[in-house]
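In case you want the letters, here they are:
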Amino acid sequence: MKLSLDLSVVFPALVASRLLLALTNLPDALKHDHQLSSPLTSYLNLQEGIYLFKNGIDPYSGGIFRHSPLFLALFTTILPTSRTVASVIWTLCDAVGAWALVQIWRARQRVSQTSRDGLIAGAYLLNPYIFLSTLSLSTSPFENMLTLIAVMFAAQGNASPSLLAAALLLHLSLSSVVLLAPLILLLASSPVSQLASPRAFAKNGKNVAPLVAEFAAYAAILSLASTLVSGGWAWVPQTWGASLTLPDLTPNCGLWWYFFTEMFDHFRPFFLMVFSIHLLIYIAPVCIKFQYDPLYATFILLGILATFKPYPTMADPGLFLSMLAVFPEIYPYLRYPIVTTLLHLHAALLMPLFHHLWLNQGTANANFFYASTLVFACANGAALTDCVWAGLRIAIGEPQDGYVVVQE
Amino acid sequence: MDRIRALLRPAGDRNLNRVRRRQALLSALTRRIHLLKITLFCVGYLWMLALPSPRLGRGIYIDENALGPGQVNTYWNWGDVANADRYLELLEGLRDSNSTHEQRAEVLKMEFLKLGIPASTQNYVFSSSTGKYEGTNAYAVLSSPRTSGTEAMVISASWVSRIGEEDGTLNLRGVSTVLALANFLKRYSLWAKDIVFVISDNHLDGMQAWLNAYHGETQSNLQAAELELSSGVIWTALNIDYPGHSFSHLGIFHEGINGRLPNQDLLNSFHYISKWTGGVPVLVYDHVESQNTAPSWIPAEYREELHGYSHRSNTILRHIGYQARGRGSGVHGLFHQFRIDAFTMFGLPATGPHGFHAIGRIVESTLRTTNNLLERLHASFFFYILATPDHFLKIGSFLPSAVLISVAMMFAGLKIWSDSAWIPDTSAAIEKEGENNGNKWIERIRPVLPVLGMMISTHIGGVALFYVLTTAWFSHNQTIASILLVAILATLSLRALLVPAEDTRAVAPVSQLLKALNLCFASTVISITTVVNFSLAMSLAILLGIPLSLSSPSKSLPLRIAKFTAYLGLASAWIFASDEVRKALWDWEILRVWFAPFVCIVYTPLVLQAAFVCLLPS
Chain F
1054 MKLSLDLSVV
1064 FPALVASRLL
1074 LALTNLPDAL
1084 KHDHQLSSPL
1094 TSYLNLQEGI
1104 YLFKNGIDPY
1114 SGGIFRHSPL
1124 FLALFTTILP
1134 TSRTVASVIW
1144 TLCDAVGAWA
1154 LVQIWRARQR
1164 VSQTSRDGLI
1174 AGAYLLNPYI
1184 FLSTLSLSTS
1194 PFENMLTLIA
1204 VMFAAQGNAS
1214 PSLLAAALLL
1224 HLSLSSVVLL
1234 APLILLLASS
1244 PVSQLASPRA
1254 FAKNGKNVAP
1264 LVAEFAAYAA
1274 ILSLASTLVS
1284 GGWAWVPQTW
1294 GASLTLPDLT
1304 PNCGLWWYFF
1314 TEMFDHFRPF
1324 FLMVFSIHLL
1334 IYIAPVCIKF
1344 QYDPLYATFI
1354 LLGILATFKP
1364 YPTMADPGLF
1374 LSMLAVFPEI
1384 YPYLRYPIVT
1394 TLLHLHAALL
1404 MPLFHHLWLN
1414 QGTANANFFY
1424 ASTLVFACAN
1434 GAALTDCVWA
1444 GLRIAIGEPQ
1454 DGYVVVQE
Chain D
13 MDRIRALLRP
23 AGDRNLNRVR
33 RRQALLSALT
43 RRIHLLKITL
53 FCVGYLWMLA
63 LPSPRLGRGI
73 YIDENALGPG
83 QVNTYWNWGD
93 VANADRYLEL
103 LEGLRDSNST
113 HEQRAEVLKM
123 EFLKLGIPAS
133 TQNYVFSSST
143 GKYEGTNAYA
153 VLSSPRTSGT
163 EAMVISASWV
173 SRIGEEDGTL
183 NLRGVSTVLA
193 LANFLKRYSL
203 WAKDIVFVIS
213 DNHLDGMQAW
223 LNAYHGETQS
233 NLQAAELELS
243 SGVIWTALNI
253 DYPGHSFSHL
263 GIFHEGINGR
273 LPNQDLLNSF
283 HYISKWTGGV
293 PVLVYDHVES
303 QNTAPSWIPA
313 EYREELHGYS
323 HRSNTILRHI
333 GYQARGRGSG
343 VHGLFHQFRI
353 DAFTMFGLPA
363 TGPHGFHAIG
373 RIVESTLRTT
383 NNLLERLHAS
393 FFFYILATPD
403 HFLKIGSFLP
413 SAVLISVAMM
423 FAGLKIWSDS
433 AWIPDTSAAI
443 EKEGENNGNK
453 WIERIRPVLP
463 VLGMMISTHI
473 GGVALFYVLT
483 TAWFSHNQTI
493 ASILLVAILA
503 TLSLRALLVP
513 AEDTRAVAPV
523 SQLLKALNLC
533 FASTVISITT
543 VVNFSLAMSL
553 AILLGIPLSL
563 SSPSKSLPLR
573 IAKFTAYLGL
583 ASAWIFASDE
593 VRKALWDWEI
603 LRVWFAPFVC
613 IVYTPLVLQA
623 AFVCLLPS
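Each protein sequence line maps, in turn, to chains F and D. Residue numbers for the first sequence follow the numbering used here, beginning at 1054 and rising by one. Residue numbers for the second sequence follow the numbering used here, beginning at 13 and rising by one.
Only chain F is shown next, with the shape it has when bound in the complex (with noise of 0.2 Å):
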């Protein structure tokens, strides 16, 4: 079987597609789910926060609605809140991202075309976790969204909407801050694949600082246009501090919920400290291997975001495993392709099933659904240990009979 997939063909059939499926009444069956929504996303939460807004009361007093008063400023001027005209507009917001990445995937290859194409978007648009996400009205999919159109633009060497478009997703989730360095070193370098052909990061760095400092500009004028939306400070505690702080408990698909209902209040800051400074971490040496092609880490960055943000959603992993589909360069050295395949498939049945037994049916505890989380953490761990270790191990060539590869 031949794969032919042009995009002016096979993309609006797969928009079309998932517009009727959006049309359908599954959003309303999806809308609840724990694993699709977190409380940073959830539609329910934005449309008590848009209903508040619009009979003068502050959204941000109460500790439920905790989206972007960027939100507000969009849902009560421009767009409608209609559950149908939602469904679309949260649709196209995924066909801008499938749009974005194809963009991306031709950078890489500095090509205007290529039959991959169709395939790549399809990655994208056909993903279950993030057109299941897309269903439930989460906001996950703007920032995926906000994400591939900062790193589109980064990987074709347009600083501004870049440095812009990352502003704006930093509004939407703060712990998105880690893609920021790489996003830089892939405006002061070049998308094409290096990974094959290590070396040291030869564009000069003066002009790091000045996008550094028109990412500063952006971020600041975006929050005082938020101030100004929502009529004071009271956003910042309540959407960028949910991030440090934790409040909300509900149980969702990341490895923080479990954690911190289990601990005792003394403990908690102090972990809180660590956790949000393990996401940290991850950006020096990450930048640093892969000096060479950036575009690759941040690819890495995504991943280590997925896994172990505070509130994800499967939109976030859902990102991270279709860009997967930009880098066909390492699909030979991944090392367990199948294991990771079928730890997501394991995960992706059990969460459900556990979320299921644990809140519906009551036979199980929150316990069982933490398990199933933990498989998933599993399943996301391999995926990003082994690209890691291919990203690595493409550069020192061809497996030889006779000799072994080992790490230090």
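Honestly, the hints are just simulated from the structure, not real lab data. Yeah, the Cβ is synthetic: ideal placement off N, Cα and C, and Gly gets one too. Hints may be right or wrong, so weigh each one.
Unchecked claim - Distance windows between CB atoms, simulated: (1) F:Ser1070 x D:Ile500: 54 to 64 Å; (2) F:Ala1269 x D:Ile472: 45 to 55 Å; (3) D:Thr483 x F:Val1062: 27 to 37 Å; (4) F:Asn1078 x D:Thr503: 46 to 56 Å; (5) F:Asn1078 x D:Ala502: 34 to 44 Å.
To be verified - The calculated lysine to any residue pairs, modelled on SDA-like cross-linking and capped at a C-alpha distance of 25 Å, are: (6) D:Lys406 x F:Val1458; (7) D:Lys427 x F:Tyr1389; (8) D:Lys427 x F:Thr1438; (9) D:Lys49 x F:Thr1394; (10) D:Lys427 x F:Asp1439; (11) D:Lys427 x F:Val1458; (12) F:Lys1084 x D:Arg351; (13) D:Lys427 x F:Cys1431.
Given the structure of chain F, go ahead and fit chain D onto it with the hints provided.
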């Protein structure tokens, strides 16, 4: 000491040692993987055979201290028995006058109202592909004198008994027990929860309609009137089934729909109360332990054990029959979907010695016990197999059996997967070069996407099959339709013969990859099902374990077709069990039991994939 150190830190390059150690370990494992696989299969199946053994499992105990079963004086007395008899006369009159559903429910409602308990009726109509089911439920709510009515207990009886698997025997004594209990219970002020009395129409559909209305659930094929009376959250429900004149034992029926079981504490409390308060022996289900029929040449101590084994295996087989099909063993099973712990006490028909007096006291005492609960029964007492009323298997003593088989299948799949990437290089050049070692391997590519496409299309075919089964056309011409469906399935599958054989030196054969992924996926399905419905997982392990591991392509066409026919039989022979199919579809349409869709969408496609493996070129 030095020797230990030398063992732990051998001389030479550390990395080289590590690589050698890893290679030795890996080759030791891969060389023995067949042995490992066979061992796992054997242990798994033997474990399944050992489940009824009296040596496995342990005696029952009460985990929730608040229950305190059998710690109260009961007040149900002969006067109440006389009341029950009077109600029974009334019901017999209703039966003999061939009254309609509405008339019956109206009379029952009036009886509750006469007692001063608010009561009402509810009409419902289910429409399904096999016809309409209608009826009228009667129910009454006795408000708790002590609390605000946020919690409730249910005492129910269905109009039709479960005896003889719904042959139409009426549950008249069960219903009169409920009425007499209503009369009795309202005289006491110690109830901390509302008591809801439900007389549901027919056997299962009435209660399904009532529960849906009570919990505000909508079901597309159900038209049910809203309930006029309501109460709080229902915690426990006792369903009374007393079809005979008298009874000798009380049987516990506990399986809910979709394999859900009630908390075992409830069953254990009932067991204690029945034994010590009521003096009635308890059974699991309705089969009494038979005489020991083991041959006499077996030594006495083994005879006892063998007898125990055979009795327990009967019980466990019935359990598997109810749970695997997700059917539930009675009206109580419908409560479980709303998180209500419930079971049916079944009065085993006999000439004596027990009657209304015993059952009234037992229900009264059981209600007092559940009345004590301050929180829901929550301890992890939901995963068990009752082997006898006072002996059960814990999760740890039955779960591994199915999991071991799924692990064996996973190993087999992974082994085939890794094998498929390599082929021994037997080209002439190599043979000349070194005669003594033929282990030169060349790598080949594995086209996964077409295989995945094949697997997904079988599952989509399963969805289509299920859709056809639920149409009215199928239920009207079941025999012809079944033959037609299997014929279509077979012809569609035979297209796999047309897949051209590729050069196996460059590309791994599709059949090999399909088998690998098929085994891995089947293993995942089995291990995940164990937690939600162990009996189903166990049946799958038996039906899929060995057969899927044995599927293989072959050279000759007749052999390929023969193998394919065998697998096709395994995949779709169930369709000719027309009664079973009709029941499973009824369960799906009326009670939302997902066994029928599961078989169509998961089981049949999995076996069909194995059938493809036999058809595809090697």
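Range hint compliance [Cβ, asparagine 1078 of chain F to threonine 503 of chain D, 46 to 56 Å]: violated, 36 Å
Given hint cysteine 1431 of chain F paired with lysine 427 of chain D - CA-CA distance at most 25 Å: holds, 22 Å
Beta-carbon spacing of threonine 483 of chain D to valine 1062 of chain F - inside the hinted bounds 27 to 37 Å or not: Holds - the Cβ-Cβ distance for threonine 483 of chain D and valine 1062 of chain F, about 34 Å, lies within 27 to 37 Å.
Pair hint outcome, lysine 406 of chain D versus valine 1458 of chain F [Cα-Cα no greater than 25 Å]: violated, 47 Å
Hint consistency between lysine 1084 of chain F and arginine 351 of chain D [alpha-carbon to alpha-carbon, up to 25 Å]: holds, 22 Å
Supplied distance hint 34 to 44 Å, evaluated on CB atoms of asparagine 1078 of chain F and alanine 502 of chain D: Given a distance of about 36 Å, which is inside 34 to 44 Å, the answer is holds.
Given hint threonine 1438 of chain F paired with lysine 427 of chain D - CA-CA distance at most 25 Å: holds, 23 Å
Pairwise hint evaluation, tyrosine 1389 of chain F against lysine 427 of chain D, where the allowed Cα distance is 25 Å at most: holds, 13 Å
Lysine 427 of chain D paired with aspartate 1439 of chain F [C-alpha distance capped at 25 Å]: holds, 20 Å
Hint consistency between lysine 49 of chain D and threonine 1394 of chain F [alpha-carbon to alpha-carbon, up to 25 Å]: holds, 21 Å
Range hint compliance [Cβ, alanine 1269 of chain F to isoleucine 472 of chain D, 45 to 55 Å]: Holds - the Cβ-Cβ distance for alanine 1269 of chain F and isoleucine 472 of chain D, about 52 Å, lies within 45 to 55 Å.
Lysine 427 of chain D paired with valine 1458 of chain F [C-alpha distance capped at 25 Å]: Satisfied, since the Cα-Cα distance of roughly 23 Å is no more than 25 Å.
Hint compliance for this structure: hints 1, 4, 6 are not met, and every other hint is.
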